[in-house]
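Chemist: Assemble the complex: chain A is given as a structure, and chain B must be docked to it using the hints.
Just so you know, the protein sequences line up as chains A and B, in that order. Quick note on UniProt numbering: the first sequence kicks off at 1 and runs consecutively. Quick note on UniProt numbering: the second sequence kicks off at 1 and runs consecutively.
Simulated from the structure, these hints should not be mistaken for lab results. Be careful, since some hints might not be right.
What the hints assert, rightly or not - The calculated BS3-like cross-link candidates involving lysine-lysine, where the alpha carbons are at most 25 Å apart (straight line), are: (1) K35/B to K2/A; (2) K284/A to K234/A; (3) K260/A to K226/A; (4) K32/B to K2/A; (5) K390/A to K299/A; (6) K279/A to K335/A; (7) K282/A to K239/A; (8) K97/A to K375/B; (9) K35/B to K226/A; (10) K260/A to K134/A; (11) K541/B to K530/B; (12) K148/B to K236/B.
As the list claims (entries may be wrong) - One side of the interface only, derived from the structure: several residues of chain B facing chain A at Cβ under 8 Å: (13) L26; (14) V29; (15) P390.
Being a predicted model, the structure only gives us computed values, none of them experimental. Ideal Cβ positions, reconstructed from N, Cα and C, are used throughout, including at glycine.
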Amino acid sequence: MKRSLYFVLRIAAAILLILNTGCWSSNEIEDVSVYVGLGLDVAQVSEFERGIEKQGASYPREKVLTATVQIVPPITGKGQKQGGSSSTPSEAYMNEKLTGDSIIQIFRQFSLRRDRPLIGHHLKVIVVSSELAKRYSLEQIFDFILRDNDIRPSCLVLVSHRNAFEALSTNEPGEVPALYLAGLVDNRYRSNKIIPPVTLIKLDSAMQSGSSFLLQNVVTAQNDHKFSGAGIFKGSTKKWVGELSQLDLEGLSWFSFDVKGGALKTYAPEGYSITYEPKNSKSKIIPKVEGNDISFHIKVSSEGRLIEDWSFPEIPSSGQYMRELEKQFEKEARKQIQQVLHKMQHVYRVDVGGFNKQLRIKYPKVWNKVKEDWDETFSNIPITYEIDMKITDFGSSTD
Amino acid sequence: MSYLPNWSLLVQAFLLLIIPILLVLLSRVIRKSLKTSMDSHSKPEKEIGLTDVPISGTYDSDIASIRKAIGDQADVWIREMVIRGTEIRAALVYVDGLTDNDLIDTHLIAPLILRGVAEEHRTSFLDSPLSLSTYLMEQLIPVSEIKKVTGLQAFTEGILFGKTGLLVEGLPETLLIGSANGKSRNVEEPMSEALLRGPRTGFTERLSDNTGLLRRHGQNESLVLTKFEVGSRVKKSLVLAYMRDIVDPNLVDEVTLRIQNIDIDDPIESGYIEQLIEDNVLSPFQQLQNTERPDRVIAGLLEGRAAILLDGTPFALVLPVTFSMLLQSPEDYYERWIPGSFIRFLRFFAALLALLAPALYISFISFHPGLIPTKLALSIIETRQGVPFPSFIEAMIMEISIEILREAGIRLPKPIGPAMGIVGGLIIGDAAVNAGIVSPFLVIVVAVTAISSFTIPVYSAGITLRILRFTGMLCAAALGLFGVVMFFLLICSHLVRLKSFGVPYVSPIVPYGLSDWKDLFIRFPLKSMKKRPFMFNPKDKDRRN
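Only chain B is shown next, with the shape it has when bound in the complex:
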């Protein structure tokens, strides 16, 4: 029996077998529980008071039912009047703050009260009430957007959305006039994606402005903007943009399907959409790219991607995403190719640093002092004399305080933000060293890491790396460089498996597409990038068309 290994070896082998299986089962359970919690919910109950009754045409009862439906809203105004030249009563219903008072005064109230029905027409529609509405629309009200509505519910919904309602005595229908005129801001340079060189435009909160920005980018017949309505309680417009003759039709089908499957009461921001249609919920990597820049969206569309714009947010979503996209900036293309490539290379390196620098520090300091050059090792030993914590705790303290500082920097009011940043940096950098809590060398490592993580052009991708950095530190603390290697392999294997709308996440590295490498680490001269990226399977493969 001597050939049998002893029991501890057997246990180890068993554990080695069982742990991956357990992990797979665990992730399966989590996935399943996420799915079931998504599916099972009750349909929203319809509000009771708003039963859909048709407009009767009897002024008093109609106005009473309107009052009953929305009259108790504080911001709903009802302006009653008599149309000049007739005895017909009318009422304007609108929401204060959503409608343009000038428009109501000059284009609704003025014609109705001052001009009224011309004398020669007065008798013509006394007996046929429907011709009155035609007359109002065609001759009296000088407004472009006007719509007839017969149901009370549609009427009140329209009013609450910002239209002005006109109820006229004797008409079995009402008119909805004008469009919502909420406040919107100017087109400004996006805060989160500033560039030195490039257009200074950014999306705004208004969908029509944003689609306008895309249209206005250049004359282009193939740009398609498909409208969807999402949200079960609060309905919001969502626009799917793509280039008709470039994009892979399967991608459009898939995105359309996923958008139609969105089931949520109110998608407040495009982040909601992103999270509801992404492939892998458990992955730390984002599978849709958010951007405030119209030029970035257009560049994406021209590569055969699609974009989603949601009303009420300046953040558009570009999909599908590959890993290399997160490290690319529009500036790479606006600059000449040599500086562009250099900066891109720098960014890849910085991403690696942001991910691994503290983990490497921990593993070198705690596990492999032999791998540090001798003179550096000596100075590290000298600076670490008297540091009371092991390097892992030390690095954790610093990393967490840096993260706190970063988070606080976002929340701080603008005037004191920079001041607090300096104070915080000084305290953390200098005082912590003087107090002997951390070593000066670590401060350098942490500072380099923090700076590196801000070089990543997509802010949310930077956050991903920051989170993963902590996992890396944990692995380094447990197993040293071996742990770091395992951690890196784990990330790699996850990335290889991950897909964003059917496109492998790390393409064109895996699967291998040499011609797409022209736009990976090195940004080749524009003249040599003749093809659109193959990874998105574009219909029109030639960039020159």
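Excised from the complex, chain A in its bound form:
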């Protein structure tokens, strides 16, 4: 009798041990808010905030920035879902705005408003407005985001020409702007106006290295977006200094990052538009040091096809004609490169083309001497370039 009692007690103790832990840190997925987009703007106090502040619901803060979190899916009651499965909610997301001077504090303020706490694992896109980035260094703005354990380093960083909140809004029903923006960068194989994606970890390394860098620019109009150009951030301040246009990016792409696709349009001598589709491009930046003089030489070779030719009457695609066209395209590319180099060296005086990297690799000693004030030094360095384009085919046209 006594023995079996002990036996039962022992088993009970073992079971209790497990049950005691309970569901340790369990948090059901439907009880948290997944945010996929984060927009950072200069302070714009929302109607709601103004309303509650009138009732004294405020806390000490400076109005520095407005954070917009994009929560998906919008919280709907079960009843609503059951009532009409055909009537989809007009928006597939929910944007929440709060203002403050510390991002983490703003995030925690959300807990006062929503029953579901925010989790950042699924954050895909951070959009910083150029206005905010002009005033504050990215190092300051991103400090919390880089420290946070939830947010993945693979999160994409974009800069918006206007309001970041707008960049995270859309009129398209069922579209989640953050996912849409994250998907756009995958189109690099179709356009050379998209720079390689800058993720949080790349942003961090760029900021640590002290060199200037680019962030893809989002332009919005009527709640619709477009990637256009890129924002330039100066290495010394990490602040937004200006923008490169689409055309500049095209020029930059020839030597700074591999061209995987796109369209190079120019005009034939007769005035008709002709378009070249680069398929395979190689580029090389060759630094040269003679004494104290540094210079760069850019070598670009590209293969592609003639994809569109408006010439009328049609000119047969003979080898000679191709040579002619190649010359035209080369001329156009030279123009683009010249333009972007001009902008980099003389307008913004920053090196965002990767010249510093080549110099550092080939001439580390020289680099050590000039790295302190590289952006200024770079502005006065002569750069030469040569372009070799080759039309390998002209599509399935058979004339």
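Modeler: Same frame as chain A, now just chain B:
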């Protein structure tokens, strides 16, 4: 004193130290209590009325004592007669239903009453009664199986077992004629182990049929069938089969020892034998494989295993067992090696799913939403809107109802079984989702899990995984993925320790035997499997012999 950690840390460290010790002590206590409960029992008392008296030879007193011993059994018939040509009285004693009435009529009653003793012999044995029995056996009764018995007890036991007893006046001994002729069924395809390709034979309930099936598999002198008798009250024949020149003799010794140590009143089914001779009673994993297929037994014997066949059940036991065996099907070998390997791989994967899928679901949903791909996470959130239970309760509801459905499916009479299965599946799958009790995603998980667990060729191994699945869910609910990992490690450490008749359970993975891997995840072409598995330590290592 600041270097001392504070007390809560000390308590944690203490608990961490004490809990494994407690667990080990606990399992030791359980083991011990199991052992003592096995050992201590009283010997069965011999039945009183059946005291062993010799057959006297006096007909009246003998028949009276037989009547006294078994005459009150409803199915015992006594047919008295006089042997033709003499005045000698005789009696046939038999059990109705166990004996063949035709045999009694044509081969016993007819010769005794109609033919009787031939005239020239009539006088020869009048004075020597013993020569009468020789005459009966040699010249009168045309039956192959016939035995002389002198004791009353042996006589009655033989009759109750299905033999026909012949008591003859003046003889101090009796004859037991014929063998038990209980009903048996035909050799059919086994229900629990159906194959698309392979022999359609299965064992039956009759031991002699089953050993016959093994013998008939092919001409083979090395097949040894050793007979044992088990059961203290009800005696049953048990046959240990092995290949004389393949099996490890130590294995045969060990199995023989364990069979001889079986102490139970009646081993009803081979499951009794399995549970009485297995190594680890507390393990959820089976340490003997049961099968209804003669081809599986033969394949096992050829690999250096042994098999146990028990009278009265179509389930043979193959031993020793390794984990990989439970996921192998004879079809792996009958198909060509590429499809065979693919299907085997699939089975390993399905076993993993059957074990871990709901646990992973719980831990992803409740603990690590960040690990789900974003778009999937979004659709899960949408489908889980309004589900009132945490994922653990939700998964428990579904898993338990699936198990109930499965169990009910076995019990249901055949005509309504499939119908009820469909109805049950519909109710559980669709109505539960519509009612908002569970999320549609979980239904998929549970369905996949259930289907996966049925891919395991050994049904009882599937049950093991199903039980463990619930433990896994519990661990996942308590600690998330960390709990699942701990649970998996616990299973692994248990499996590594477990042995089946001296063979490590997870061999050839641990201990490592590369050449045995040819028949583990990938079933290599038969031509490259030249050696018998080393893990069973076969005497003849070369498969080609």
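Chemist: If a hint holds in the structure, say so; if it does not, say that too.
Modeler: Hint-by-hint comparison with the structure:
no. : hint             : verdict
1   : K35/B to K2/A    : 19 Å, holds
2   : K284/A to K234/A : 24 Å, holds
3   : K260/A to K226/A : 20 Å, holds
4   : K32/B to K2/A    : 16 Å, holds
5   : K390/A to K299/A : 14 Å, holds
6   : K279/A to K335/A : 20 Å, holds
7   : K282/A to K239/A : 31 Å, violated
8   : K97/A to K375/B  : 23 Å, holds
9   : K35/B to K226/A  : 77 Å, violated
10  : K260/A to K134/A : 32 Å, violated
11  : K541/B to K530/B : 9 Å, holds
12  : K148/B to K236/B : 22 Å, holds
13  : L26              : 5 Å, holds
14  : V29              : 7 Å, holds
15  : P390             : 6 Å, holds
Consistency note: the structure conflicts with the earlier hints numbered 7, 9 and 10.
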